[in-house]
Amino acid sequence: MSTIIALMTDFGYKDPYVSLMKSIIYKINPKVKIIDLTHDIPSFDIHYASYILLVSYKYFPRGTIFVVVVDPGVGGSRRVLIIKTRNYLFVGPDNGVLYPAANDDGIVDIINVVNDKFFIKPTSNTFHGRDIFAPVAAYLSLGIDYKIFGNSVTIEDITKYEINIHEFNESDRTICGRVIHIDKFGNIVLNIRYRQYNLYKLFTEARISINDRNFKVKVGKSFSSVGRGELVLYINSFNLMELGINMSNAAKTLGVKVGDSVCIELSS
Amino acid sequence: MSTIIALMTDFGYKDPYVSLMKSIIYKINPKVKIIDLTHDIPSFDIHYASYILLVSYKYFPRGTIFVVVVDPGVGGSRRVLIIKTRNYLFVGPDNGVLYPAANDDGIVDIINVVNDKFFIKPTSNTFHGRDIFAPVAAYLSLGIDYKIFGNSVTIEDITKYEINIHEFNESDRTICGRVIHIDKFGNIVLNIRYRQYNLYKLFTEARISINDRNFKVKVGKSFSSVGRGELVLYINSFNLMELGINMSNAAKTLGVKVGDSVCIELSS
Amino acid sequence: MSTIIALMTDFGYKDPYVSLMKSIIYKINPKVKIIDLTHDIPSFDIHYASYILLVSYKYFPRGTIFVVVVDPGVGGSRRVLIIKTRNYLFVGPDNGVLYPAANDDGIVDIINVVNDKFFIKPTSNTFHGRDIFAPVAAYLSLGIDYKIFGNSVTIEDITKYEINIHEFNESDRTICGRVIHIDKFGNIVLNIRYRQYNLYKLFTEARISINDRNFKVKVGKSFSSVGRGELVLYINSFNLMELGINMSNAAKTLGVKVGDSVCIELSS
Numbered sequence: 001m002s003t004i005i006a007l008m009t010d011f012g013y014k015d016p017y018v019s020l021m022k023s024i025i026y027k028i029n030p031k032v033k034i035i036d037l038t039h040d041i042p043s044f045d046i047h048y049a050s051y052i053l054l055v056s057y058k059y060f061p062r063g064t065i066f067v068v069v070v071d072p073g074v075g076g077s078r079r080v081l082i083i084k085t086r087n088y089l090f091v092g093p094d095n096g097v098l099y100p101a102a103n104d105d106g107i108v109d110i111i112n113v114v115n116d117k118f119f120i121k122p123t124s125n126t127f128h129g130r131d132i133f134a135p136v137a138a139y140l141s142l143g144i145d146y147k148i149f150g151n152s153v154t155i156e157d158i159t160k161y162e163i164n165i166h167e168f169n170e171s172d173r174t175i176c177g178r179v180i181h182i183d184k185f186g187n188i189v190l191n192i193r194y195r196q197y198n199l200y201k202l203f204t205e206a207r208i209s210i211n212d213r214n215f216k217v218k219v220g221k222s223f224s225s226v227g228r229g230e231l232v233l234y235i236n237s238f239n240l241m242e243l244g245i246n247m248s249n250a251a252k253t254l255g256v257k258v259g260d261s262v263c264i265e266l267s268s
Numbered sequence: 269m270s271t272i273i274a275l276m277t278d279f280g281y282k283d284p285y286v287s288l289m290k291s292i293i294y295k296i297n298p299k300v301k302i303i304d305l306t307h308d309i310p311s312f313d314i315h316y317a318s319y320i321l322l323v324s325y326k327y328f329p330r331g332t333i334f335v336v337v338v339d340p341g342v343g344g345s346r347r348v349l350i351i352k353t354r355n356y357l358f359v360g361p362d363n364g365v366l367y368p369a370a371n372d373d374g375i376v377d378i379i380n381v382v383n384d385k386f387f388i389k390p391t392s393n394t395f396h397g398r399d400i401f402a403p404v405a406a407y408l409s410l411g412i413d414y415k416i417f418g419n420s421v422t423i424e425d426i427t428k429y430e431i432n433i434h435e436f437n438e439s440d441r442t443i444c445g446r447v448i449h450i451d452k453f454g455n456i457v458l459n460i461r462y463r464q465y466n467l468y469k470l471f472t473e474a475r476i477s478i479n480d481r482n483f484k485v486k487v488g489k490s491f492s493s494v495g496r497g498e499l500v501l502y503i504n505s506f507n508l509m510e511l512g513i514n515m516s517n518a519a520k521t522l523g524v525k526v527g528d529s530v531c532i533e534l535s536s
Numbered sequence: 537m538s539t540i541i542a543l544m545t546d547f548g549y550k551d552p553y554v555s556l557m558k559s560i561i562y563k564i565n566p567k568v569k570i571i572d573l574t575h576d577i578p579s580f581d582i583h584y585a586s587y588i589l590l591v592s593y594k595y596f597p598r599g600t601i602f603v604v605v606v607d608p609g610v611g612g613s614r615r616v617l618i619i620k621t622r623n624y625l626f627v628g629p630d631n632g633v634l635y636p637a638a639n640d641d642g643i644v645d646i647i648n649v650v651n652d653k654f655f656i657k658p659t660s661n662t663f664h665g666r667d668i669f670a671p672v673a674a675y676l677s678l679g680i681d682y683k684i685f686g687n688s689v690t691i692e693d694i695t696k697y698e699i700n701i702h703e704f705n706e707s708d709r710t711i712c713g714r715v716i717h718i719d720k721f722g723n724i725v726l727n728i729r730y731r732q733y734n735l736y737k738l739f740t741e742a743r744i745s746i747n748d749r750n751f752k753v754k755v756g757k758s759f760s761s762v763g764r765g766e767l768v769l770y771i772n773s774f775n776l777m778e779l780g781i782n783m784s785n786a787a788k789t790l791g792v793k794v795g796d797s798v799c800i801e802l803s804s
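Chains as they are written, first to last, in this note's numbering: chain A, 1 to 268; chain B, 269 to 536; chain C, 537 to 804.
The set of hints was computed from the structure by calculation and includes no laboratory data. Warning: the hint list may mix true and false statements.
[As the list claims (entries may be wrong)] Capping the alpha-carbon separation at 30 Å, the derived lysine-lysine pairs in DSS-like fashion look like this: (1) C:569 / A:33; (2) C:569 / C:653; (3) B:326 / C:657; (4) A:257 / B:282; (5) B:525 / A:14; (6) C:657 / C:550; (7) B:299 / A:31; (8) B:282 / A:252; (9) A:27 / A:14; (10) C:567 / B:295; (11) C:720 / A:160; (12) B:295 / A:184; (13) A:58 / B:301; (14) C:620 / C:567.
[Stated by the list, open to error] Incomplete in silico selection of chain C near chain B, CB under 8 Å: (15) 550; (16) 609; (17) 658.
Even for Gly, the Cβ is constructed at its ideal location relative to N, Cα and C.
All chains should be built: construct the whole structure from the sequences, respecting the hints.
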């Protein structure tokens, strides 16, 4: 089966951890395709991982199996979950990291994975990515029914990490939110969603308040809509409001970090 | 079709941008092979990207489709190009980044991509990697004629970034150029090409001038031709002159950066 | 053939070196699967590379071909080796880096690769990863007999890098060793092996001496067995003793580096 398994971890690229997950997966299903969502999640950062998963999952083909290993509780009592949603399967620890994406797609069923006949034996206490998550995902990719891996649990029963997204409506003029992510370019992503890409057709200017600083920026189509070094507000490719500087790093320039509060007042 | 799509971006590895390009590509052509050329291009660095592409492309199988997303002008008026060369297809923004490699292979035709039926809809203004470049490359890999994607434009009409390479002839004794790249090891690559690997058979010593510093180095077969910590001049694997230090970082030691002028006087 | 080629280098991700090895491999065998073991080996670090290979190799399917390019001696007189072991093939420079893993699996035969009809021509003096190791591995993956690549040499005749691992027995109370690796999370891996994961069932506390510092830690199942910020000793997923701090970086906190001496006194 040419299913895709999408891997996301906080393992980085220096250690062999990711490659060992892949070798286990290929041993079980040599025909599966593996895509690295990212392995540069900051260590233990469930917010970062769940944000990446939330904005990314829907671009993957139906049936993709997402495996998330950001798992500081490995070896303890946290459970291993398979979450079946309307279009995907999510495999990971019961620490909330899967919840925002799974909930967004629509949770159909949740399995507490206890059937250890699918695990690598002996099973280590510190690397369930290799010994549990990878083989479970690989067997799922072979078409094995997800229900066989354990017992069903309710949504109420699992750990939920909540990513709060505010919806922006065209009739709004002011809206407040938080910095939800800062990307590689230093673009500042806000937890404010607008379902169109054309905000710049409705508004020309925005007054921004972040951390007791107030400033005006243009509303543009993208970072390239303003002069080099200028700030601009635009709708990013995940339909979230984003502040960027053309050809520079907005987060460093403004000293902004994830979690900071932001208010925006738009004018045309 | 088992075509190869080679991806190069300045997206880094922390964000899901690269993986989303891959998921779009696999959705359209599950059988294509994807090779990551590199995604660690410094943000917006067209020189860096076009150098990597220039020295790398010819090692890929005939028919490989190169996709380059170093694209600070995304969302603006810059065009999307498919450049057909004698052996390859290049897809990327019209900002010059494709030009050195495409020109080196021999440009056959250039298409200004305007046929949006191949784009992801709605098309974002900030992530054409996912919404335009990836699907265009994926459809090309299915064998769709590149001419269907838009209208032909002339070489005169596109943006060219020029990488100037000087050819070194065996009869030369002195030659000047610039630092064109510094690699992971700190080896200093010059824009001076010698079409053989055996420079060390013709010359034993070189007098180097960089940034008002003058020093003598051995001419060797490779960095391992000199003692640990010694400087050496050799022909690298792309037939370019390179300065390295055995088991150490030449660029840091000499304080050299890309663009610095270099003159070389060879003696046997 | 759906053989796996596992690549490990110190090439990093900024340069195209790894991708050029892959393009050569796919040109020769489009059906092979490539897994990146890691390319973030510190430059020239044979210890680091041979440790990663030693702990990783056995998780790969039988018949996997490992290619290791940590090769400061490229272009000099160091030889290129194929080592056939009981279950795998190892390809790399004769500088010791392959030895710990190959020896652990059981060396069956060693070939000094001299048959240059399998090399890329002209063969560079600085990038045998592309011109020798990649094509040799690719032809091996096609099923070509490893003996055809050169002449057999004896174990006595090759360079050996030794990784000394101490075996811990249940009857021991004290044992000394060294720091063998520090992983991405800052967990401190020791060269002391215990063949079970259940050390925590035998002992509850350990007195540790590192660099003239003495302190007591709990013996746990994993880092998550102690409170946040607390030190703990456990058996890692490669059956090696490891010191970690729950949700933090033990190596930075303790100022420990690879090679440091460690003594452990266990009590129940």
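#### Entry: Minimum beta-carbon distance criterion (8 Å), residue 550 of chain C to chain B
Result: holds, 4 Å to nearest chain B Cβ.
### Query
If you draw a straight line from the CA of residue 299 of chain B to the CA of residue 31 of chain A, is it 30 Å or shorter?
Measuring from Cα to Cα gives roughly 11 Å; hence the hint holds.
### Task
Below or equal to 30 Å on CA atoms is what counts here, so check residue 620 of chain C against residue 567 of chain C.
It holds: about 22 Å lies between the C-alpha atoms, which stays within 30 Å.
### residue 326 of chain B paired with residue 657 of chain C [C-alpha distance capped at 30 Å]
holds (14 Å)
#### Entry: Pair hint residue 27 of chain A and residue 14 of chain A, alpha-carbon separation not exceeding 30 Å
Within the cut-off at roughly 23 Å; holds.
### Query
Under the criterion that the straight-line Cα-Cα distance not exceed 30 Å, is the pair residue 295 of chain B, residue 184 of chain A satisfied?
Distance ~26 Å between residue 295 of chain B and residue 184 of chain A Cα, so the pair holds.
### Task
Decide if the proposed pair is consistent with the structure: residue 657 of chain C and residue 550 of chain C, CA atoms, cutoff 30 Å inclusive.
Cα-Cα ~25 Å, so holds.
#### Entry: Satisfaction of hint between residue 295 of chain B and residue 567 of chain C, Cα-Cα up to 30 Å
holds (20 Å)
### Query
CA of residue 257 of chain A to CA of residue 282 of chain B, is that 30 Å or under?
holds (16 Å)
### Query
Under the criterion that the straight-line Cα-Cα distance not exceed 30 Å, is the pair residue 569 of chain C, residue 33 of chain A satisfied?
holds (10 Å)
### Query
Is residue 525 of chain B close enough to residue 14 of chain A, meaning Cα to Cα at most 30 Å?
holds (26 Å)
### Task
Report holds or violated for the interface hint on residue 658 of chain C, using the least CB-CB distance to chain B and a cut-off of 8 Å.
holds (6 Å)
Violated hints for the displayed structure: none, as all numbered hints are satisfied.
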